[in-house]
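*Asks:* For the record, the sequence lines run as chains A and B. Quick note on this note's numbering: the first sequence kicks off at 1 and runs consecutively. Quick note on this note's numbering: the second sequence kicks off at 1001 and runs consecutively.
The set of hints was computed from the structure by calculation and includes no laboratory data. Worth double-checking, as some hints may not be accurate.
So, partial list: chain B residues that the calculated Cβ filter (under 10 Å) puts toward chain A [unchecked claim]: (1) GLN1070; (2) ILE1083; (3) LEU1099; (4) GLN1130.
C-beta atoms are modelled at their ideal positions from N, C-alpha and C, and glycine is treated no differently.
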Amino acid sequence: MKTLQLLRRRRALLNCAPFSNDQLADRSMRSAVSRADGSDEFVNQQNFDRAVAALVRLVPIPPESAEWFSEKDLVAGSKWTWKKMVRNPAVLAISIAVVVIAGVFVLQLLGRLNDFPGSATARRLLAVAASTRPVMLDPVSTEAGTLSDLFFMKHGLEHYDVPDEFADFGTIGCRVFDDEESRRIAQIWLAEKRMQLFLFPADRNMKTGAVLHFPGWRYVHQEGWVGAVTERSGVCFMAALRGGDKELQQYISKPKE
Amino acid sequence: MLGDSHKAQEVFHTTLREAALGAAQGQLPKEPFWLFREARWRCLEATKTDLKPESLEIDEHEIAPGAPLQIEQLDPAQLAIWISTAPDPQRTALALFYLDEFDYREILDIAELKLSALSRCLAKGRRQLQAWLDAKHPEQRKL
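Work the whole structure out from these sequences, hints included.
*Replies:* This is the structure in structure tokens:
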């Protein structure tokens, strides 16, 4: 029964079979045509249809109606240009978003390039420097280099030494406090340009516990403050002041007299 | 469909005018073949008042191998008239099919027919046209 229905449907499809190949879009039609292809009856039908269609194309169309089927476009399609595309609000919004994301990414990348072991602590201490008032420190009037003994004797802090570049400057006060990670921080206030010095433990490898060394001086910036950081014997030293790198560089590059 | 170019033009323009008016009022047709279906109904309406040929049994012949040569000898206007005198939906089926603009599914949509009906219309139309060709040009039937 089903076979009979299929045959009937195939016969019906063949009767409606297109005579030009570009109309063979339907799968069932393609299948029916491929099965019948080559049979005399179907070839005759196709030739017949082609001949009729060719004659139909010659049926005259009134000129008034023919002009509606002109080959030319009645309405010129809008031309696609770069300028137009750039002015598209969606494209504009996406472009701005991409530029902002790229900018943030580049800034973060540059920030990471300047990072060094202890840079996060150094930045936090710059914020501390910005909020510190002289009354918060114990008044001490001496040379900064001599405070190493005080830190060792009074607080048991080893290697909390002020580098030679800053050792000769006179101090106003100093203190020792614990940061949020319970690390001992030594802070010294200098008379020179209201500069502040910080000494804090260097970062260590989480697995081995070894000190993460870095050579020379590195700069960090935070809220208009600049810090020059160096590491010696597992202790980081930072000189901080309000201003730019240049103001600190003159101290660091100054040869020891 | 009409076998008369002036009537066809009138139907064509009326249909376009209606489409333009609808568009101006923001009522664009949702169906893709609205224009063709509308034109078809207008053609059928236009022929309602026409003189109709007597309904008689028309001969049917199997398609001959020499049919293309017979068709070549026809005048296009004669063929148009022959198609326009066919009863609907055969007329619609033949007109749309030989325009070679639509595939069979689109013709089913425009003419509101089922596949079996369209198949019957086309098969019968071919056989009747062959019989008419045989009557007009019997010498070309066999190649």
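*Asks:* Could you run down the list of hints and mark each one as holding or not?
*Replies:* Here is how each hint holds up against the structure:
no.: 1; hint: GLN1070; result: holds, 8 Å
no.: 2; hint: ILE1083; result: holds, 8 Å
no.: 3; hint: LEU1099; result: holds, 7 Å
no.: 4; hint: GLN1130; result: holds, 7 Å
Violation of the numbered hints given earlier is absent; every hint is satisfied by the structure.
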